[in-house]
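Participant: Residues per chain are reported as follows:
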Amino acid sequence: MSKAVIALVALSFVLPLNSSAREQDSDVLEAALSREDASQLEEGAMPATASRAQAQESVNALSAEIQDLKQSVIALNKNLRVLEEDLLFPANTQVTVFLSLDVGEFFTLESVRVKLDEKLVTSHTYSDKEIAALAKGGTHRLHVANLSAGDHTLSAFFTGVGPHGREYKRGTTLKIRKETGPKYVELKVTDSTSKLQPEFSVKQW
Amino acid sequence: MSSTKFDGIPANNRLLASGAAYVVALVMWSSAAFGDGVKDLKYGAILYEFYQQKYFETLVEYDYAFERGGIQNHGDYPELLKGGVSLSYGLDLQAKDIFSRLIAEHSPEEVQNRAWFYLAKMLYLRGDVERSARTLANVRGALPSEIDPEYRYLGALVNIKLGYLNEAEQISHSFKRTSPYAPYLHFNLGVALGKKREYERAIANLTKAASFADGTAELEGLADRAHMAIAYLFADKQDYDNAHLEIRNVRTSGVYSNRALLGAGWGGSYRQALAPLSTLQNRSIAIPEVQEAVLLVPHVYEKLGLRGRAAEGFISAYDLYGDALTQLDKAREALKEADVLELFVQNLDEVLGESDWYGTAPSVSLNALSPFLLDLMSDHSFQSVLKDLRDLYAIRNNLDGWKRKRDDFDVMIEARAASIDAAGRKQALVEYSHQHDEHSARYQELASRVATLGEDDRKRVAWLLEGMGHELAAGATMVEELLNASGVSTHTDSYERRVVSNMKALEVELEKTNQMIAKVEDVLLQLVRAELDLHEQRLKYYRIQSHLAKARILDKSLLDADAANVEKGLDTQTEQEAPEPDEGRKAATPGDDNAA
Numbered sequence: 001m002s003k004a005v006i007a008l009v010a011l012s013f014v015l016p017l018n019s020s021a022r023e024q025d026s027d028v029l030e031a032a033l034s035r036e037d038a039s040q041l042e043e044g045a046m047p048a049t050a051s052r053a054q055a056q057e058s059v060n061a062l063s064a065e066i067q068d069l070k071q072s073v074i075a076l077n078k079n080l081r082v083l084e085e086d087l088l089f090p091a092n093t094q095v096t097v098f099l100s101l102d103v104g105e106f107f108t109l110e111s112v113r114v115k116l117d118e119k120l121v122t123s124h125t126y127s128d129k130e131i132a133a134l135a136k137g138g139t140h141r142l143h144v145a146n147l148s149a150g151d152h153t154l155s156a157f158f159t160g161v162g163p164h165g166r167e168y169k170r171g172t173t174l175k176i177r178k179e180t181g182p183k184y185v186e187l188k189v190t191d192s193t194s195k196l197q198p199e200f201s202v203k204q205w
Numbered sequence: 001m002s003s004t005k006f007d008g009i010p011a012n013n014r015l016l017a018s019g020a021a022y023v024v025a026l027v028m029w030s031s032a033a034f035g036d037g038v039k040d041l042k043y044g045a046i047l048y049e050f051y052q053q054k055y056f057e058t059l060v061e062y063d064y065a066f067e068r069g070g071i072q073n074h075g076d077y078p079e080l081l082k083g084g085v086s087l088s089y090g091l092d093l094q095a096k097d098i099f100s101r102l103i104a105e106h107s108p109e110e111v112q113n114r115a116w117f118y119l120a121k122m123l124y125l126r127g128d129v130e131r132s133a134r135t136l137a138n139v140r141g142a143l144p145s146e147i148d149p150e151y152r153y154l155g156a157l158v159n160i161k162l163g164y165l166n167e168a169e170q171i172s173h174s175f176k177r178t179s180p181y182a183p184y185l186h187f188n189l190g191v192a193l194g195k196k197r198e199y200e201r202a203i204a205n206l207t208k209a210a211s212f213a214d215g216t217a218e219l220e221g222l223a224d225r226a227h228m229a230i231a232y233l234f235a236d237k238q239d240y241d242n243a244h245l246e247i248r249n250v251r252t253s254g255v256y257s258n259r260a261l262l263g264a265g266w267g268g269s270y271r272q273a274l275a276p277l278s279t280l281q282n283r284s285i286a287i288p289e290v291q292e293a294v295l296l297v298p299h300v301y302e303k304l305g306l307r308g309r310a311a312e313g314f315i316s317a318y319d320l321y322g323d324a325l326t327q328l329d330k331a332r333e334a335l336k337e338a339d340v341l342e343l344f345v346q347n348l349d350e351v352l353g354e355s356d357w358y359g360t361a362p363s364v365s366l367n368a369l370s371p372f373l374l375d376l377m378s379d380h381s382f383q384s385v386l387k388d389l390r391d392l393y394a395i396r397n398n399l400d401g402w403k404r405k406r407d408d409f410d411v412m413i414e415a416r417a418a419s420i421d422a423a424g425r426k427q428a429l430v431e432y433s434h435q436h437d438e439h440s441a442r443y444q445e446l447a448s449r450v451a452t453l454g455e456d457d458r459k460r461v462a463w464l465l466e467g468m469g470h471e472l473a474a475g476a477t478m479v480e481e482l483l484n485a486s487g488v489s490t491h492t493d494s495y496e497r498r499v500v501s502n503m504k505a506l507e508v509e510l511e512k513t514n515q516m517i518a519k520v521e522d523v524l525l526q527l528v529r530a531e532l533d534l535h536e537q538r539l540k541y542y543r544i545q546s547h548l549a550k551a552r553i554l555d556k557s558l559l560d561a562d563a564a565n566v567e568k569g570l571d572t573q574t575e576q577e578a579p580e581p582d583e584g585r586k587a588a589t590p591g592d593d594n595a596a
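Protein sequence lines, in the order shown, are assigned to chains A and B.
All residue numbers for the first sequence refer to the working numbering, where the first residue is 1 and numbers rise by one.
All residue numbers for the second sequence refer to the working numbering, where the first residue is 1 and numbers rise by one.
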């Protein structure tokens with residue numbers, strides 16, 4: 001934003017130190033690069049300025065095409081993702097596990113492991129950027145799986161830094177019932193201000 | 001000036017923003033958009049991508065959510081978010097459509113205000129400041145607190161661009177120190193005032209901008225720029241002592257240090273000039289300020305009367321420029337290597353992020369190229385090309401990734417036909433069968449109740465009952481047949497068709513992407529070559545200068561030597577012609593050879 005502005009400043013106030021009060025310095029400048037020579041270089045710079053303006057014009061001219069392309073590719077990505085999901089996780093058997101975070105004071109999440117019916121199905125270690133995204137309200141689509149209809153057990157194990165900067169490990173388990181149609185489950189990590197501890201829960205949508 | 005200015009709105013209702021700062025505000029407002037929490041997991045998944053600034057993934061996630069039934073209970077916010085993200089991802093046209101639609105649909109005032117704001121911002125970023133100002137004027141009442149700082153900033157910038165500096169300064173007074181836009185506003189305002197030779201106000205704003213330096217690279221860099229700008233302003237009003245002092249506030253490392261060191265070299269006596277110029281001299285010769293310093297150092301020696309050192313310096317400068325020209329040739333060679341532009345674009349952050357980058361010696365082809373492009377990197381047009389190119393490379397990688405999955409899709413179809421699909425389908429059919437049984441039971445119950453009605457009433461609903469009976473029977477037959485069906489080929493056929501059609505679309509998009517990359521790479525190459533030409537021209541010029549200076553000193557030395565010899569000769573002659581009185585006296589001594 002202000003990079004362009006500083007460039008303007010530099011152009012506006014270029015070669016300022018040449019007064020009689022700094023005659024010696026003027027000598028330095030003039031001897032190393034006389035005014036005539038300087039103008040020669042400035043002329044040399046002109047093609048560069050022109051080429052930059054020309055480049056901007058060229059890119060502007062391509063802008064609409066680039067935007068069309070981006071939109072098409074976004075639509076194609078959506079189609080391919082839906083197709084992949086339809087093939088791998090048919091709606092009737094699909095279970096999606098999300099993770100959300102509403103903490104900061106009592107727990108800093110580092111990683112999570114998820115088991116379905118005692119079998120480890122996924123684990124994830126969160127980057128700082130991901131944690132920040134979760135803390136602001138983002139929800140991580142942690143795992144998509146196929147489950148047959150009926151009762152199942154979902155367990156989640158959280159690792160991170162808890163109160164007083166100590167390593168903190170906690171697990172939570174929920175019985176879920178898979179019926180016809182996709183199933184959504186949310187693992188929630190929240191601060192409990194009354195207990196001054198983090199709380200871990202599972203919500204079925 | 002006939003343009004719209006912001007003079008009628010209370011100061012706290014003015015604003016605007018750009019660049020990276022915009023992202024911050026978008027994040028802030030969308031935080032407010034889910035209030036007590038996400039009410040739809042699909043929206044949460046969109047926000048998860050968005051908050052990581054993965055704009056492409058955010059837009060895909062958004063389309064996916066709408067394919068899967070849309071987002072519930074979040075009103076117009078998801079669409080507003082899409083508009084904002086579209087803007088960040090360079091989809092101006094899509095963003096404009098979204099914001100215009102939200103305005104036309106008479107959405108609630110808050111939504112309309114946000115839409116006007118982002119439309120105004122988009123126009124400002126495109127350089128259409130007049131229309132941006134008019135669009136901002138449509139905002140009614142106060143904007144929500146989370147976007148108010150950005151709104152004020154936009155308003156101030158619009159006023160600055162339109163030349164209404166007093167109004168902009170008035171807005172700046174309403175800024176809270178905690179506003180993330182405050183440093184930038186004071187900087188931009190200071191620069192604009194400086195260009196109008198409003199020295200005091202300019203320096204006050206720039207000093208304030210510099211005061212926000214908090215140790216982060218971003219604000220420290222801004223402070224460096226502010227100090228440089230102040231130094232220029234002092235120099236412009238011929239206050240060289242203060243100019244020199246101000247330059248000393250610029251850090252001696254970092255992107256803006258080269259110009260400061262060169263300025264410091266010019267800002268004092270010859271002796272004082274040596275330290276900053278020598279520091280510069282040890283940096284990469286690819287930097288224009290270093291190229292100049294290499295020539296200035298021996299010149300300073302010459303002025304100080306240290307002719308030997310000066311000559312040595314000019315000789316060394318000549319060689320350095322020669323080496324730099326060789327490096328330049330290597331940079332040109334590097335341009336011919338495949339994928340060098342993609343490497344350059346992908347590694348741009350690392351290249352710019354290296355704090356000691358100036359001191360590194362170019363070794364691999366990428367490093368041979370990058371140092372010569374530092375000035376170009378700060379140019380808006382260059383950045384614009386880089387941004388497009390980076391997006392296009394990412395798109396190509398994305399499409400390549402899907403292309404590699406072509407075989408996976410076949411496997412998925414086979415697997416589905418063999419197990420997953422069959423199992424799921426059978427399970428669904430069993431479920432339908434159970435549902436049929438339940439409905440049949442309820443039908444029987446209903447039929448029994450209808451049988452108890454009076455004749456007229458019974459006749460009135462009989463046809464409905466009969467229709468339901470037929471539907472149930474037909475459903476039962478269908479489920480039975482499907483349960484007994486031996487294969488699921490029809491189903492997989494439809495998937496196969498979808499795979500083929502999507503892969504065909506993928507090939508088309510990939511081809512278009514490659515063509516577009518070629519076009520934008522051409523633009524980038526033109527820019528890079530022009531920059532390298534400029535370096536070459538400058539280096540050759542300095543090389544000649546150093547050569548001439550060396551020759552001049554040697555000539556002068558020879559002349560001086562000649563003069564000394566002549567003088568010496570004359571002295572000798574004089575000595576011979578006019579011996580010292582003692583010698584004369586000596587010579588007059590009888591028996592002396594000389595006297596003979």
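Treat the hints as calculated values from the structure; they're not laboratory data.
Hints may contain errors.
Cross-link-like lysine-lysine pairs, in silico, DSS-like; alpha carbons within 27 Å at most [unchecked claim]:
no.: 1; chain 1: B; residue 1: Lys387; chain 2: A; residue 2: Lys188
no.: 2; chain 1: A; residue 1: Lys78; chain 2: B; residue 2: Lys237
no.: 3; chain 1: A; residue 1: Lys136; chain 2: B; residue 2: Lys405
no.: 4; chain 1: B; residue 1: Lys504; chain 2: A; residue 2: Lys78
no.: 5; chain 1: A; residue 1: Lys129; chain 2: B; residue 2: Lys54
no.: 6; chain 1: A; residue 1: Lys78; chain 2: B; residue 2: Lys387
no.: 7; chain 1: A; residue 1: Lys136; chain 2: B; residue 2: Lys504
no.: 8; chain 1: B; residue 1: Lys519; chain 2: B; residue 2: Lys54
no.: 9; chain 1: B; residue 1: Lys39; chain 2: A; residue 2: Lys195
no.: 10; chain 1: A; residue 1: Lys78; chain 2: B; residue 2: Lys540
Just so we're clear, the structure is a prediction, and the values are computed from it rather than from any experiment.
Participant: Are the hints correct? Go through all of them and say.
Facilitator: Hints, verified against the model:
{"no.": "1", "hint": "Lys387/B to Lys188/A", "result": "37 Å, violated"}
{"no.": "2", "hint": "Lys78/A to Lys237/B", "result": "60 Å, violated"}
{"no.": "3", "hint": "Lys136/A to Lys405/B", "result": "33 Å, violated"}
{"no.": "4", "hint": "Lys504/B to Lys78/A", "result": "15 Å, holds"}
{"no.": "5", "hint": "Lys129/A to Lys54/B", "result": "11 Å, holds"}
{"no.": "6", "hint": "Lys78/A to Lys387/B", "result": "23 Å, holds"}
{"no.": "7", "hint": "Lys136/A to Lys504/B", "result": "39 Å, violated"}
{"no.": "8", "hint": "Lys519/B to Lys54/B", "result": "25 Å, holds"}
{"no.": "9", "hint": "Lys39/B to Lys195/A", "result": "26 Å, holds"}
{"no.": "10", "hint": "Lys78/A to Lys540/B", "result": "54 Å, violated"}
Taken one by one, the earlier hints fail for this structure at numbers 1, 2, 3, 7 and 10, listed in ascending order.
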